[in-house]
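Put together the whole structure using the sequences plus the hints.
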Amino acid sequence: MVIEITDVIISGLINGSVYALMAVGLTLIYGVSKAFNFAYGSFYSLGGYIAFLLFGLSFINNYFLVFVLAVPILLVFGFFVEKTLVAPLRKRDDWEIKVMMITLGLALFLDNSFQVIFGSRMKSLPPFLEGGFEAGDFYLSHQDVGIFFLSIGGILLFRWFLNNTRTGMSVRAVAQNPAGAQIVGIPKEFVFAATFAISTVMVGMGGILLAQKYFITPMGGWDILVKAWVITAFGGMGSIRGGLYAAFIVGMLEAFVGWYFGMTWTLIVLFAVLLTTLAVRPQGLLGKWG
Amino acid sequence: MIELVDVNACYQDFHVLKNVSLAVKKGQIVVMLGPNGHGKSTVLKSICGLVEKVSGLIRFEGETITGLGSEKLVGMGITYIAENRELFPQMSVLENLKLGAYSRSARAFEKENLEKVFDLFPRLRDRQSQLAATMSGGEARMLAIARGLMSNARFLAIDEPSLGLQPNLRDEVAKIIKQINGQGITLLVVEQNIPQITELADTLYVLEEGSISFEGSKEDARGNDHLKEIFLGM
Numbered sequence: 001m002v003i004e005i006t007d008v009i010i011s012g013l014i015n016g017s018v019y020a021l022m023a024v025g026l027t028l029i030y031g032v033s034k035a036f037n038f039a040y041g042s043f044y045s046l047g048g049y050i051a052f053l054l055f056g057l058s059f060i061n062n063y064f065l066v067f068v069l070a071v072p073i074l075l076v077f078g079f080f081v082e083k084t085l086v087a088p089l090r091k092r093d094d095w096e097i098k099v100m101m102i103t104l105g106l107a108l109f110l111d112n113s114f115q116v117i118f119g120s121r122m123k124s125l126p127p128f129l130e131g132g133f134e135a136g137d138f139y140l141s142h143q144d145v146g147i148f149f150l151s152i153g154g155i156l157l158f159r160w161f162l163n164n165t166r167t168g169m170s171v172r173a174v175a176q177n178p179a180g181a182q183i184v185g186i187p188k189e190f191v192f193a194a195t196f197a198i199s200t201v202m203v204g205m206g207g208i209l210l211a212q213k214y215f216i217t218p219m220g221g222w223d224i225l226v227k228a229w230v231i232t233a234f235g236g237m238g239s240i241r242g243g244l245y246a247a248f249i250v251g252m253l254e255a256f257v258g259w260y261f262g263m264t265w266t267l268i269v270l271f272a273v274l275l276t277t278l279a280v281r282p283q284g285l286l287g288k289w290g
Numbered sequence: 001m002i003e004l005v006d007v008n009a010c011y012q013d014f015h016v017l018k019n020v021s022l023a024v025k026k027g028q029i030v031v032m033l034g035p036n037g038h039g040k041s042t043v044l045k046s047i048c049g050l051v052e053k054v055s056g057l058i059r060f061e062g063e064t065i066t067g068l069g070s071e072k073l074v075g076m077g078i079t080y081i082a083e084n085r086e087l088f089p090q091m092s093v094l095e096n097l098k099l100g101a102y103s104r105s106a107r108a109f110e111k112e113n114l115e116k117v118f119d120l121f122p123r124l125r126d127r128q129s130q131l132a133a134t135m136s137g138g139e140a141r142m143l144a145i146a147r148g149l150m151s152n153a154r155f156l157a158i159d160e161p162s163l164g165l166q167p168n169l170r171d172e173v174a175k176i177i178k179q180i181n182g183q184g185i186t187l188l189v190v191e192q193n194i195p196q197i198t199e200l201a202d203t204l205y206v207l208e209e210g211s212i213s214f215e216g217s218k219e220d221a222r223g224n225d226h227l228k229e230i231f232l233g234m
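Read top to bottom, the protein sequences are chains A and B.
For the first sequence, position 43 (counting from the first letter as 1) is numbered 43 according to my numbering, and the numbering increases by one without interruption.
For the second sequence, position 27 (counting from the first letter as 1) is numbered 27 according to my numbering, and the numbering increases by one without interruption.
Watch out, some of these pointers could steer you wrong.
Stated by the list, open to error - Derived DSS-like pairs: lysine-lysine, alpha-carbon spacing no greater than 27 Å straight-line: (1) B:K18 - B:K218; (2) A:K188 - B:K111; (3) B:K72 - A:K34; (4) B:K53 - A:K98; (5) A:K34 - B:K111; (6) B:K53 - B:K116; (7) A:K188 - B:K72; (8) A:K34 - B:K53; (9) A:K91 - B:K116; (10) A:K83 - B:K72; (11) A:K34 - A:K91; (12) B:K178 - B:K218; (13) B:K218 - A:K188; (14) A:K91 - B:K72; (15) B:K72 - B:K111; (16) B:K175 - B:K116; (17) A:K83 - B:K53.
Note that these hints are calculated values from the structure, not bench results.
Right under this line is the structure:
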């Protein structure tokens, strides 16, 4: 029993850490550009498929190379999507709704492309670390530890970027006051595209990390989109710290509900918790009005 | 230094500026008056690249700058200081000032300008780590002006510095504007609640319904009955 509960807690922590990475990305786009990206889940699958393709290349045999190659691919892809699909809409009336529609279209296009190219059968990635720690019945795989630290490391790196680099400062400036940012000469359009690209890397990396445990499927991103959205709304739209807390709460809830009631109950419980939270605090855990 | 010839500006379908022409010479303080909502801010924003639909001719030191965005113009030395301040609320005073020096050309002078700004506004030096959101109206106004100075601008467009300011601080604002001008910075100021600023003006313009209705010196303005009617107490 104790061992079982420890396993559940560990599973909650590890999933929570990856969710946190992905939710921070989603809340980043919303916080900076007030745009909602419906294709976010498909970018998760894209990350997994990119890693799958890279492992198919003969000279790639470790995750280090996969990360080194996948990050720039995702970065360029995200930048390109923002510039070609999202940015042209921003000048129009009701652009927020139009961005939702076009990213929804992109999600369907990507998912169906995955199906055509890779087939509907699940793909798996090799674990990036073998072995584990053992103590009696207790077992903790190196892979899980690695996933946890990579996700947390990604979030810390991102936080460092926001607080200590000039580009990071301009991202915060645009999020806090777009008009003020324009006045001091920050190229707003570039910041929008850069944040979109960074968030694409975050969710794509999440895809690579989780695909080792849960497989890659063409439609697998929807589950992630829903969870990242629940976490973002739960934590407070645009609040990074709120998103972090919410991600771990959701990871834990999911693990405990899955273990006690069965996996089919997890989404139901998640939404019940979200709705209750929003009924009491419509702005989410740490969100602000407006 | 700045020259506008037949400038028109629109917000969506609303035609705000109609054939506005004006000139600000190097080292001058030019003050623009006029009723609220008649386009004074739009003149400043059009010069500083903050209005999307602008046509006509805007020149800065002989170079045509019509249609250039603020990210280019700030680097050239043209900066707007907003009437509603437009600070970054969740950032410290120091971060706000550093962002004022965002443009490439200002970065090299960041330290130097920071000292200048702190000499001009000693209170900001003491409050470097305070969040902008927690400052009083007067302090926030000082910070907005200071942030504008950090851009190393040679031309500043200052929009209603008296807005939201206690009356006893108006003298101070006028003094600061004089000091800024003394550092060799050319100024175009929209302000009509501070007579001391009007007194500093080399040239006055009046903007009514999107068009310039008066151009001249303070003395000309005093002799103009129509102006007396609009701006009592001048």
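Verification of the hints:
{"no.": "1", "hint": "B:K18 - B:K218", "result": "holds, 24 Å"}
{"no.": "2", "hint": "A:K188 - B:K111", "result": "holds, 25 Å"}
{"no.": "3", "hint": "B:K72 - A:K34", "result": "holds, 25 Å"}
{"no.": "4", "hint": "B:K53 - A:K98", "result": "holds, 23 Å"}
{"no.": "5", "hint": "A:K34 - B:K111", "result": "violated, 34 Å"}
{"no.": "6", "hint": "B:K53 - B:K116", "result": "violated, 36 Å"}
{"no.": "7", "hint": "A:K188 - B:K72", "result": "holds, 12 Å"}
{"no.": "8", "hint": "A:K34 - B:K53", "result": "holds, 24 Å"}
{"no.": "9", "hint": "A:K91 - B:K116", "result": "violated, 39 Å"}
{"no.": "10", "hint": "A:K83 - B:K72", "result": "holds, 20 Å"}
{"no.": "11", "hint": "A:K34 - A:K91", "result": "holds, 13 Å"}
{"no.": "12", "hint": "B:K178 - B:K218", "result": "holds, 17 Å"}
{"no.": "13", "hint": "B:K218 - A:K188", "result": "violated, 40 Å"}
{"no.": "14", "hint": "A:K91 - B:K72", "result": "holds, 20 Å"}
{"no.": "15", "hint": "B:K72 - B:K111", "result": "holds, 22 Å"}
{"no.": "16", "hint": "B:K175 - B:K116", "result": "holds, 16 Å"}
{"no.": "17", "hint": "A:K83 - B:K53", "result": "holds, 22 Å"}
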